[in-house]
Amino acid sequence: GAGVSQSPSNKVTEKGKDVELRCDPISGHTALYWYRQSLGQGLEFLIYFQGNSAPDKSGLPSDRFSAERTGGSVSTLTIQRTQQEDSAVYLCASSPDRGREQFFGPGTRLTVL
Amino acid sequence: KNEVEQSPQNLTAQEGEFITINCSYSVGISALHWLQQHPGGGIVSLFMLSSGKKKHGRLIATINIQEKHSSLHITASHPRDSAVYICAGGIDKLIFGTGTRLQVFP
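Chains as they are written, first to last, in the numbering used here: chain A, 1 to 113; chain B, 1 to 106.
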């Protein structure tokens with residue numbers, strides 16, 4: 001079956017612009033995660049959705065970052081007023097339920113000029 | 001503070017060698033994931049374990065809960081095993097190690 005998909009695969013934007021990154025999880029997976037991978041920081045957790053529960057936003061680095069998950073499926077990560085330090089690969093993962101193996105998408109490479 | 005430490009950072013091996021990558025984690029972490037990332041590639045989950053040992057093909061993962069330590073073993077290594085191997089602790093909010101870059105030469 002189809003894996004986790006993310007779009008766009010690459011995004012170049014100018015400092016100060018807003019960007020939206022999309023994640024389509026594996027069908028039926030109730031848990032969805034956002035991570036980012038940057039040269040300086042390695043991999044870090046951003047936000048986690050489980051079913052209809054309130055998301056765990058404890059990893060979001062600033063209030064410029066937000067995410068939503070509509071209908072328990074597709075998720076969008078929004079970064080407002082992008083900064084150069086936001087440049088990273090943003091990874092989405094989904095899981096059949098919390099505490100299970102996570103399946104990663106290919107990532108979106110964000111470059112902020 | 002929850003932490004995950006991984007060693008070695010870099011590892012080179014000749015084809016056929018037995019490889020071990022180690023991961024130590026702090027109190028509060030109850031599950032350990034092993035992930036693989038090929039150069040320019042995506043991340044693939046290899047194992048998730050909270051006790052004992054798991055095996056898949058030439059890969060074996062073990063975890064010692066008392067010592068808060070996990071190891072990933074690769075038997076009969078092959079150049080296609082060359083990748084970054086990452087351990088990550090946690091049930092949902094993963095805390096990642098810094099990765100081990102493995103290069104296997106023919």
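Think of the hints as simulated: they come from the structure by calculation, not from any bench.
Warning: the hint list may mix true and false statements.
[As the list claims (entries may be wrong)] Taking beta-carbon pairs under 7 Å as the criterion, some of the chain A residues facing chain B (in silico): (1) V12; (2) F45; (3) F65; (4) G99; (5) Q102; (6) P106.
[Stated by the list, open to error] Quick list of simulated restraints, FRET-style, between CB atoms: (7) F105/B - S66/A: 24 to 32 Å; (8) V12/A - E67/B: 17 to 25 Å; (9) G40/A - K53/B: 28 to 36 Å.
Think of the CB as a built atom: it goes at the ideal place given N, C-alpha and C, for glycine as much as any other residue.
Q: Kindly indicate which numbered hints from before are broken by the structure, ordering the numbers from low to high.
A: The structure breaks hints 1, 3, 7 and 8; every other hint is satisfied.
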